[in-house]
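Chemist: Sequence:
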Amino acid sequence: MKNHTRTVTATAMTAAMAYAAVCLGRVPVVLFLKYDPKDILIALGGVLWGPGAVLRVSLAVSLLEMVTISENGVIGCVMNVLSTCSFALPAAFLARKHRSRRGLALGLLAGGLLMAGTMLLWNWLVTPIYMGYPRKAVEKLLLPAFLPFNLLKAGLNGLGTFLLCPPLTKALDRSGLLEKEEHHGS
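Numbered by our numbering, the letters in the sequence shown go through residues 108 to 293 in order.
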């Protein structure tokens, strides 16, 4: 029960920090695409507390974002969940499987590439619907706008997660808030 309570609390705190990152750290990049660092926090939560944390935090933050600050409604919510999960789930799985900085790096690289590819497909499918752009216009933006944006996002999120994971793991371990089997990427 103690471990379950700790995990629920950690997940809730991660969700609160990720939501704050969305609200305070959103930066316009190109067209209507904005970067925010929430995926760093969600990936860290996944590495520390498992892939289930990625799913729970991603869904909670995306729903909060949808009902408070998003301009894209349900479609934006779904796109956020897809983007975050395609990035953070591979990172969590591989980092927890290999339990090393190399495993973390491989997970973040795999997640970044999966997220970029996933979002190219979903932007091609969905952007014409919710932005009202003709599909041909969206197709012309896939490589010069959407792909670089998603690679930039993946790179920033991967680097942030990679740099923050070891000191966060050590701090949580020293404070007694991290179970011995939860050590990763240090």
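The hints are simulated quantities; they were obtained by calculation from the structure and are not laboratory data.
One or more hints might be untrue.
Capping the alpha-carbon separation at 27 Å, the derived lysine-lysine pairs in DSS-like fashion look like this [claimed, not checked]:
{"hint": "1", "residue 1": "Lys141", "residue 2": "Lys243"}
{"hint": "2", "residue 1": "Lys247", "residue 2": "Lys141"}
{"hint": "3", "residue 1": "Lys204", "residue 2": "Lys277"}
Listed next, with one range per pair, are the computed distances between beta-carbon atoms [as the list claims (entries may be wrong)]:
{"hint": "4", "residue 1": "Gly224", "residue 2": "Val134", "range": "42 to 52 Å"}
{"hint": "5", "residue 1": "Tyr240", "residue 2": "His111", "range": "43 to 53 Å"}
{"hint": "6", "residue 1": "Arg113", "residue 2": "Lys247", "range": "41 to 51 Å"}
{"hint": "7", "residue 1": "Ala244", "residue 2": "Gly132", "range": "22 to 32 Å"}
{"hint": "8", "residue 1": "Lys277", "residue 2": "Phe139", "range": "35 to 45 Å"}
{"hint": "9", "residue 1": "Val185", "residue 2": "Arg133", "range": "14 to 24 Å"}
{"hint": "10", "residue 1": "Tyr240", "residue 2": "Arg208", "range": "19 to 29 Å"}
{"hint": "11", "residue 1": "Thr175", "residue 2": "Lys247", "range": "29 to 39 Å"}
{"hint": "12", "residue 1": "Pro273", "residue 2": "Glu178", "range": "35 to 45 Å"}
Glycine included, each C-beta is placed from N, C-alpha and C at the ideal position.
Chemist: Against this structure, judge whether each hint is valid.
Modeler: Structure-based check of all given hints:
Between the alpha carbons of Lys141 and Lys243 the distance comes to roughly 22 Å, so the proposed pair stays at or under 27 Å and holds. Using a Cα cut-off of 27 Å, the hinted pair Lys247 and Lys141 holds, with the two alpha carbons roughly 19 Å apart. This hinted pair checks out: Lys204 and Lys277 have alpha carbons roughly 19 Å apart, not beyond 27 Å. Our hint of 42 to 52 Å for Gly224 and Val134 is violated, since their Cβ atoms are close to 23 Å apart.
Checked against the given bound of 43 to 53 Å, the beta carbons of Tyr240 and His111, roughly 46 Å apart, stay inside it. For Arg113 and Lys247, the Cβ-Cβ distance of about 49 Å falls inside the hinted range of 41 to 51 Å, so the restraint holds. Between Ala244 and Gly132 the C-beta distance comes to about 29 Å, which sits within the given range of 22 to 32 Å. Between Lys277 and Phe139 the beta carbon distance is about 39 Å. The supplied range of 35 to 45 Å therefore holds.
A hinted range of 14 to 24 Å holds for the C-beta pair Val185 and Arg133, which are about 19 Å apart. For Tyr240 and Arg208, the Cβ-Cβ distance of about 41 Å falls outside the hinted range of 19 to 29 Å, so the restraint is violated. With their beta carbons about 33 Å apart, Thr175 and Lys247 fall inside the hinted range of 29 to 39 Å. One distance hint, 35 to 45 Å for the beta-carbon pair Pro273 and Glu178, holds here, with the actual separation near 37 Å.
The structure is inconsistent with the numbered hints 4 and 10, although it conforms to all the rest.
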